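Residue numbers (numbering that gives the first Met the number 0), protein chains in the order written: chain A, 0 to 302; chain B, 0 to 293; chain C, 0 to 284.
I should point out that these hints are in silico values taken from the structure, not numbers from a laboratory.
Here the structure is a predicted model, which is why all the values come from computation and not from measurement.
Note that CB positions come from ideal geometry on N, CA and C, so glycine has one too.
Any given hint could be a false lead.
[What the hints assert, rightly or not] SDA-like, lysine to any residue: derived pairs with alpha carbons at most 25 Å apart:
#: 1; chain 1: A; residue 1: Lys191; chain 2: C; residue 2: Gly59
#: 2; chain 1: B; residue 1: Lys34; chain 2: C; residue 2: Phe104
#: 3; chain 1: A; residue 1: Lys270; chain 2: B; residue 2: His132
#: 4; chain 1: B; residue 1: Lys282; chain 2: B; residue 2: Ala258
#: 5; chain 1: B; residue 1: Lys102; chain 2: B; residue 2: Ser168
#: 6; chain 1: A; residue 1: Lys255; chain 2: A; residue 2: Tyr285
#: 7; chain 1: A; residue 1: Lys80; chain 2: A; residue 2: Asn253
#: 8; chain 1: B; residue 1: Lys34; chain 2: A; residue 2: Thr238
#: 9; chain 1: A; residue 1: Lys80; chain 2: B; residue 2: Ala232
#: 10; chain 1: C; residue 1: Lys254; chain 2: C; residue 2: Glu52
#: 11; chain 1: A; residue 1: Lys159; chain 2: C; residue 2: Lys254
[To be verified] From chain C, some residues computed to sit far from chain A (all C-beta separations above 10 Å):
#: 12; residue: Val125
#: 13; residue: Met138
#: 14; residue: Gly220
#: 15; residue: Leu242
#: 16; residue: Val272
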Amino acid sequence: MRLFKLAIVFTLMLAVLLAAAGCPAPEEETSTPVTAAQDKPAPPAEVDDNVPAPKLVSEEAGEINISGGTAHIPVMEEAQKVFAVMYPNVKISIAGGGSGVGIKQVGEGLVQIGNSGRAPTEEEITTHGLVEFKWAIDGVAAVVHPDNPVSDLTKEQLIKVFAGEITNWSELGGADKGINVYTRDEESGTRKVFVELGLDDGSFVDTANVVVSNGAMKSAIAQDPDGIGYVSVGHIDETVKGLALDGVAPSLENVKSGAFGISRGLYSLTKGEPEGIVKAFLDFLYTDEGKQIITDKGFIPAG
Amino acid sequence: MNGRAGERVFQFLCWLSAAALIGAVLMILGYLVLKGAGSLTPELLFGDTDPLKALTGRAQVFDGILPAMAGTVALVVLSVGFALPVGIAAGIYFAVYAPPRVKGVLALLVDILASVPSIVIGLFGLALVIFLHKHLSPAIQPSLLISSIALACLVLPYIIRTTEVSIDSIEPELKLAGQAFGASKLQNTFYILIPRALSGIISGSILAIGRAAEDTAVIMLTGVVASVGMPGALTGKYEAVPFFIYYISAQYANQRELAQGYGAALVLLMICLGLFGLAFLIKRRLESRFFYRG
Amino acid sequence: MQPRSEQAAERILLVCAVLSSLITAAILVFMLIMGLPLLAGGRIFTLAISAWEPGRELFGIYPMLLGTLAVAPLALIIALPVSLGTAALIGVAQPRGAVLFVRRFVQLMTGIPTVVYGFVGVFLLVPLIRGMAGRGTGMCVLTAALLLALLVAPTMILFFGEAFQSVPRAYLLAVDAIGADRWQKFCHVILPNAWRGVLGGIVMATGRAFGDTMIALMVAGNAARVPQSVYDPVRTLTSHIALIKAADYNSLEFKSIFACGLALYLVASVLVVLIRRIGRHEAAR
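Let the sequences and hints guide you as you build the complete structure.
Shown next as structure tokens:
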């Protein structure tokens, strides 16, 4: 009999623990979500006529899982914040992984939105019935530490540096220091674009340090005075210096005009036409407010 | 003469080793405190959000670690909740009931589980998801529940071993006393052995909590993400403090995020050392072997 | 008195014990099933000796095997003398005052989260090592090994300390009686009598050094290439698993991480068997 008591106690303990963990988030009681809107700077009043932008608080609930391209993350996070005010019951998770991961995961139905920093291939689109949304134009540029005197490379030099044939900054007019090459993993769309358009399908030296996202590349280069890597142009700020390629600086204007050669679109992909909250979220990127976020994060809104 | 000098050199080397070790650790902890103490403000938890609104769920927190803290708490509660009943029961079985031969085999397996690196247990969790995703329901994905199950596997052997050792180390006279009075094996176990071993079991469980709270490798393969908000459902993604620290270390976007990383690392350190101190107070004698983790 | 509930209780406890042990087996089975296509036939050898270049369809784990074999033993070599010295201090001297503090401190070290070591390592140790090396990024074999040494030292020290203290008192008294000094006592009596315990501690620490993920992942640079010096970046088996993005579950690339998992699992199992061997002799003595 005692045993049963003990068993009951165990079960109760487990039940309580489960219950406690099941609803630790008090946000489920969203009784008065309206007030939250006042915390934010007032959103622009006018809305693009073509795009239905939900301005009122919606009671719609659900989950949007996003993964893939890491260049997209700053925009996604900001959009998540604003979207959360309009849709307080919608949970948005944002993970990185790289473009390859985004495309495959959305194809497998593991996430609702897969981001890619390169155009998906025909094969990728047809296998999984993907629909693409290109919402920004971006470039990819080689970056170095801000203290590095080198600020311009020819394409030939760029290829040799990343291939490990030029190994000292003095060969490029810099200090007599070894060059530390950083690269991304194979899933990266940024890497793919950089290899194709920046390195003319060249390769990376095998001693290159591997980092997993645009954000990680930026902080790695910001910390390494002798490092060189490549990031999305939208990610370049005062902590890293974008290198001009053949005399053309990696500025938004040059990317937009096509003068800077390494440019690409930022895509979000869904499996089939998006519906409901997923559609609402993607639509938001095309509203004035969405475009403002895209511009603020250093990209050129598309479409 | 020679002996004296030898002794002195030996003593000196011993002290030097200890000083080097402690110095290195103090340097790391000191650096963290120096850099992180300034971040220990309510803002670290709540970001720009009004704390009152965040806590009542009327506003989501985006720039603070509150969601990550909540995620870690949910993880710990779930995983230790799963592992505790099974672990204590298994420990009792090993200590009281198991015939030597059965114990030999089962305990070997538990020992192996204790030494399997946590990333491999995470990989196991991932394999489990893939298997279930393919064969049971495509809706199954890496999630809070899967992470908790994997973490439960990680802490299970600690709980089993502390339970077993706590009972084993009871004085033999006491172990037999109950039966001498005619108590059954079960009565003896629950009325004499377990109460006697309770402090050991509790302190072991607290250490398991600390282990579950600090582990990063298991969760990074089974459903943790950098940004989602408060954990909502068992089947959903979640944030966690150790993953946040890892994430920030690699890809902080600005000084503010970096400062948050230091703050979060300091918070996690204090939580873990606090739990450790608690376990220590409950059971003053510590068994070095339980701290074997991979 | 209550034979049925007695039986039921024993059965429930047995089920829990079996369940716990089965997890160990389940992990092995999952690793084998998931990694099977790569392991079948002679491909396991190709896997173990070829490079990691997914672009060229090469999914070997050779660089990671060697990476782990570079970082873990170096960490152990750094940690061993320090741990022996510290353990001798705790085990031989009276645990009073400063010595007691050292012991408590070492125990406390076991509670420091790995990710905290990694985090501070990135911002404190990496720049230091970069400056010291005068080349490279500072994210390298040495940085990871140094931090890993801190991680495994308490395991060694506490294990050694126990072994030193379990040397029969009579031996110590006998040595004292013939007027040996502490150094002689340690070298000629304690160490020879506790060497199995020391070995056990080393094996235990080896397991931790092989199995840790976060430190190498955060501070070792993760280049999938065999390191040529301690200042070269390196990717260990554990960080390789952590770095692979689980996107296409059927790709060979994905399956290769289960080969890494399997390798780590086998190392862990062998070490456990070793520890048990050592422990059994100890008990028999």
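Structure-based check of each hint:
1. A/Lys191 - C/Gly59: 22 Å, holds
2. B/Lys34 - C/Phe104: OK: B/Lys34 and C/Phe104 at ~22 Å, within 25 Å.
3. A/Lys270 - B/His132: 18 Å, holds
4. B/Lys282 - B/Ala258: Not OK: B/Lys282 and B/Ala258 at ~36 Å, beyond 25 Å, violated.
5. B/Lys102 - B/Ser168: 17 Å, holds
6. A/Lys255 - A/Tyr285: 18 Å, holds
7. A/Lys80 - A/Asn253: Distance ~30 Å between A/Lys80 and A/Asn253 Cα, so the pair is violated.
8. B/Lys34 - A/Thr238: Answer holds: B/Lys34 to A/Thr238 is near 20 Å, not above 25 Å.
9. A/Lys80 - B/Ala232: Distance ~20 Å between A/Lys80 and B/Ala232 Cα, so the pair holds.
10. C/Lys254 - C/Glu52: 14 Å, holds
11. A/Lys159 - C/Lys254: 33 Å, violated
12. Val125: 8 Å, violated
13. Met138: Label violated. Min Cβ-Cβ 6 Å, cutoff 10 Å.
14. Gly220: 4 Å, violated
15. Leu242: 7 Å, violated
16. Val272: Check passes; 33 Å lies beyond 10 Å.
In this structure, the hints that do not hold are numbers 4, 7, 11, 12, 13, 14 and 15, in rising order.
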